[in-house]
Amino acid sequence: MGEVKLIGTHQSFPCARIEWGLKIKGVEYEYLKEDLSNKSDLLIQSNPVHKKVPVLIHRGKPIAESLVILEYIDETWKDNNGHCLLPQDPYERALARFWARFIDEKCVISVWGACVAQEGEEKEKAVEGAIETLSHLEKQIKGKKFFGGEKIGYLDIVAGWLSYWLSVLEELGEIELVNAERFPCLHEWGKNFINTSPIKDCIPPREDVIAYFSFGINYVRSMAANKA
Amino acid sequence: MGSKDVKLLNFWVSPFGKRVEWALKLKGVEYEYIEEDICNKSNLLLELNPVHKKVPVLVHGNKAIAESFVILEYIDETWKQYPLMPHDPYERAHARFWATSAQQKLGKEGSWTALVKSGEEKEKALNTASEVLDKLEEEIKGKKFFGGDNIGYLDIALGWISYIIPIWEEVGSIQIIDRLKLPAINEWMTNFLNHPVVKDSLPPRDKALDYYHLSVKKHTPN
Chain A
1 MGEVKLIGTH QSFPCARIEW GLKIKGVEYE YLKEDLSNKS DLLIQSNPVH
51 KKVPVLIHRG KPIAESLVIL EYIDETWKDN NGHCLLPQDP YERALARFWA
101 RFIDEKCVIS VWGACVAQEG EEKEKAVEGA IETLSHLEKQ IKGKKFFGGE
151 KIGYLDIVAG WLSYWLSVLE ELGEIELVNA ERFPCLHEWG KNFINTSPIK
201 DCIPPREDVI AYFSFGINYV RSMAANKA
Chain B
229 MGSKDVKLLN FWVSPFGKRV EWALKLKGVE YEYIEEDICN KSNLLLELNP
279 VHKKVPVLVH GNKAIAESFV ILEYIDETWK QYPLMPHDPY ERAHARFWAT
329 SAQQKLGKEG SWTALVKSGE EKEKALNTAS EVLDKLEEEI KGKKFFGGDN
379 IGYLDIALGW ISYIIPIWEE VGSIQIIDRL KLPAINEWMT NFLNHPVVKD
429 SLPPRDKALD YYHLSVKKHT PN
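Residue numbers (my numbering), protein chains in the order written: chain A, 1 to 228; chain B, 229 to 450.
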């Protein structure tokens, strides 16, 4: 089916999404490790609009943006391993795409905001906001093993950062968002997800994720301090 | 599929809702249009889109779908006549990428920010918009529409550029699209605006100008 390369960094959860998608479909790929502090010509050429990872290169053609790449993988290796990432029914597909956008546009941003906010009213408000966005996902996963049903699907992959990267953000931000009391279904889903193959085979060491996020958090906080 | 089956909740000037109208019209799908006052949101809207409380929302039978790009793909997958998305997976990925990237970079971070900010922020926003437009110029070169000879998903997704940006340019007395420097985009805009499905669908220009004058005032820091 042609040569497949993935430009990425292991600490980045959007990159992990692509590895999960490729591994679930049994697609072999070459991982091109990117140093984000010194972006390669290949990355800049392959994704000139955003200059970000992940980028999938298939038969020499680049595809950027993790949600776009996931759909590309699902359509290109349609019948691989008999495992479809997106549902078949148009309405179910619409729901999966809706929630995927919600996760990237609302959840990620609100959780990050809650993490970087400094102590006080601002942080309390940010935490409340993050909990509110996550409560929508709790409703969606209720009664299901995975968002995709019995098998991991597109939405599980998109939400996957909640099962591992979130706990690092919670630790660094000194907050608690998802626990068994507040979001029992989401909590259970997270444990199932992270312990399933091939998901657990692509998890970066916790210290690397800590270092990756710490850098970003310190940067944001120092910018805020300079403005004040 | 009669008009009772399909409803569209929209706001008259929303470029997001306009996309959905164009898609339904191209496919010849009859629908009931329900105008929503976004300053005084109806219970219907809050019920159908409780997460974002925004238009557009497509109602098909007992299903409600929100988010314009999600709605477009739902329409394309449900009504197979006049396919909007390309057939090839790489072309599909390309279209999806540009739909969201243009909205984010050319729309939000670029044009809108240039409109409501000043000084360095304005300059940066105009540069962001310009970079995206240069790339879109390359994409459309040699083609009548992004979809080829006919309007497709990406034309619908980018269609706001053809009528909203000129309005914003007038409201803000700025130039976002250099028509001489971007002849292919300029031609695409003309072709798009002249398409029968688009031509008579646009909001009244004067009304839209007033709306955005007010909107910019609200969003401009003092």
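Be aware that one or more of the hints could be misleading.
Example chain A residues on the side facing chain B (calculated, C-beta under 8 Å, incomplete) [said to hold, decoys possible]:
hint, residue
1, Lys61
2, Ile63
3, Ala64
4, Val68
5, Glu71
6, Thr76
7, Pro87
8, Pro90
9, Tyr91
10, Glu92
11, Phe98
12, Arg101
13, Ser135
14, Glu138
15, Lys139
16, Lys142
For the record, the hints were derived by calculation from the structure and aren't laboratory data. For every residue, glycine included, the Cβ atom is placed at its ideal position computed from N, Cα and C.
Hint-by-hint comparison with the structure:
About 6 Å separates the beta-carbon of Lys61/A from the nearest beta-carbon of chain B, less than 8 Å, and the hint is met. Hint status for Ile63/A relative to chain B: holds, with the closest Cβ pair at about 5 Å, below 8 Å. Taking 8 Å as the C-beta cut-off, the interface hint given for Ala64/A holds, the closest approach to chain B being about 6 Å. For Val68/A, the suggested interface contact is upheld, since its CB lies about 5 Å from the closest CB of chain B, less than 8 Å.
Against a cut-off of 8 Å between C-beta atoms, the interface hint on Glu71/A holds, since the closest Cβ of chain B lies about 7 Å away. Checking Thr76/A against chain B: minimum C-beta separation of about 5 Å stays under 8 Å; hint holds. Contact between Pro87/A and chain B, as hinted, is not supported at the beta carbon level, the nearest pair being about 11 Å apart and thus beyond 8 Å. Hint on Pro90/A holds. Least Cβ distance to chain B is approximately 4 Å, under the 8 Å limit.
About 5 Å separates the beta-carbon of Tyr91/A from the nearest beta-carbon of chain B, less than 8 Å, and the hint is met. A cut of 8 Å between beta carbons decides the hint on Glu92/A: the least distance to chain B is about 10 Å, and the hint is violated. Proximity of Phe98/A to chain B holds as hinted, the smallest CB-CB distance being about 5 Å (cut-off 8 Å). For Arg101/A, the shortest C-beta to C-beta distance to chain B is roughly 6 Å, which falls under 8 Å, so the interface hint holds.
Restraint check, Ser135/A versus chain B: the minimum CB separation of about 11 Å is more than 8 Å; hint violated. Among the interface hints, the one on Glu138/A is violated; its C-beta lies about 13 Å from the nearest C-beta in chain B, farther than the 8 Å criterion. At about 10 Å, the closest approach between the beta carbon of Lys139/A and any beta carbon in chain B exceeds 8 Å, and the interface hint on this residue is violated. Nearest Cβ of chain B to the Cβ of Lys142/A: about 16 Å, over the 8 Å cut. The hint is violated.
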